[in-house]
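Novice: Protein chains in written order, with the working numbering: chain A, 1 to 113; chain B, 1 to 112.
Some hints could be false.
Unchecked claim - Label pairs and their calculated CB-CB ranges: (1) B:Asp-55 <-> A:Ser-86: 36 to 42 Å; (2) B:Tyr-39 <-> A:Thr-7: 18 to 24 Å; (3) A:Gly-62 <-> B:Glu-42: 42 to 48 Å; (4) B:Ser-74 <-> A:Asn-56: 33 to 39 Å; (5) A:Thr-14 <-> B:Ala-70: 44 to 50 Å; (6) A:Gln-54 <-> B:Met-29: 19 to 25 Å; (7) A:Arg-73 <-> B:Asp-55: 21 to 27 Å; (8) A:Thr-14 <-> B:Lys-56: 28 to 34 Å; (9) A:Asn-56 <-> B:Ser-10: 15 to 21 Å; (10) A:Gly-62 <-> B:Gly-16: 49 to 55 Å; (11) B:Glu-42 <-> A:Gln-18: 48 to 54 Å.
To be verified - Simulated coverage check for chain B against chain A, where a stretch passes if three residues somewhere in it have a Cβ under 8 Å from a Cβ of chain A: (12) 13–26; (13) 98–108.
Calculated directly from the structure, the hints in this document are not laboratory data.
Heads up, the beta-carbon is just placed ideally off N, CA and C, and yes, glycines get one too.
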Amino acid sequence: KAGVTQTPRYLIKTRGQQVTLSCSPISGHRSVSWYQQTPGQGLQFLFEYFSETQRNKGNFPGRFSGRQFSNSRSEMNVSTLELGDSALYLCASSFEDAIGEAFFGQGTRLTVV
Amino acid sequence: DQQVKQNSPSLSVQEGRISILNCDYTNSMFDYFLWYKKYPAEGPTFLISISSIKDKNEDGRFTVFLNKSAKHLSLHIVPSQPGDSAVYFCAAINNAGNMLTFGGGTRLMVKP
């Protein structure tokens with residue numbers, strides 16, 4: 001059974017640009033969550049999608065957005081990139097009703113220069 | 001305001017001894033707690049969890065203890081092995097939403 005797949009693994013962007021990250025969940029998983037990991041702030045919740053609907057949203061500015069497709073694949077987008085957006089972005093998938101046990105992908109390392 | 005805290009950024013233990021990682025939380029609405037292990041350049045891997053209706057859960061060398069009155073949980077690893085060297089995150093979830101709130105992590109180093 002394939003795990004959570006995130007693409008690309010590494011990305012370098014310039015300030016002001018926008019970026020789209022992709023996540024393919026484990027087959028059968030309908031919930032997809034996104035997290036940002038930085039040295040200073042640790043792992044922070046961005047948002048969670050289930051059946052193409054955003055169910056939960058963390059405390060991030062509107063420049064961060066996401067969506068989920070009918071096959072449960074998800075994308076997140078960051079517009080007008082800032083240097084502080086440099087981070088490891090992690091996607092996690094879980095079953096519909098499973099509380100907590102989320103399976104994480106390897107992440108996308110975004111560097112903003 | 002950090003709702004989940006891991007006050008020890010690092011811990012060093014000799015192989016074969018016990019590793020104890022601690023975590024404190026402030027939100028009384030948390031009712032499920034998890035520990036994740038993370039190696040560099042990889043995503044976190046689920047290790048063990050505990051529901052708030054229990055005070056202990058054991059899985060092989062890993063045991064998690066929950067003290068609700070103190071809002072404290074701990075992860076015990078016995079015996080510790082060099083392969084256990086990683087960053088350990090505790091996380092909490094409340095029944096109102098499907099999101100994990102993570103602590104800042106503790107880097108465990110197990111010396112041979």
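Novice: With reference to the structure, classify each hint as holding or not holding.
Specialist: Outcome of the hint check:
| no. | hint | in the structure |
| --- | --- | --- |
| 1 | B:Asp-55 <-> A:Ser-86: 36 to 42 Å | holds (41 Å) |
| 2 | B:Tyr-39 <-> A:Thr-7: 18 to 24 Å | holds (20 Å) |
| 3 | A:Gly-62 <-> B:Glu-42: 42 to 48 Å | violated (30 Å) |
| 4 | B:Ser-74 <-> A:Asn-56: 33 to 39 Å | violated (28 Å) |
| 5 | A:Thr-14 <-> B:Ala-70: 44 to 50 Å | holds (48 Å) |
| 6 | A:Gln-54 <-> B:Met-29: 19 to 25 Å | holds (21 Å) |
| 7 | A:Arg-73 <-> B:Asp-55: 21 to 27 Å | violated (40 Å) |
| 8 | A:Thr-14 <-> B:Lys-56: 28 to 34 Å | violated (51 Å) |
| 9 | A:Asn-56 <-> B:Ser-10: 15 to 21 Å | violated (31 Å) |
| 10 | A:Gly-62 <-> B:Gly-16: 49 to 55 Å | holds (51 Å) |
| 11 | B:Glu-42 <-> A:Gln-18: 48 to 54 Å | violated (27 Å) |
| 12 | 13–26 | violated (count 0) |
| 13 | 98–108 | holds (count 8) |
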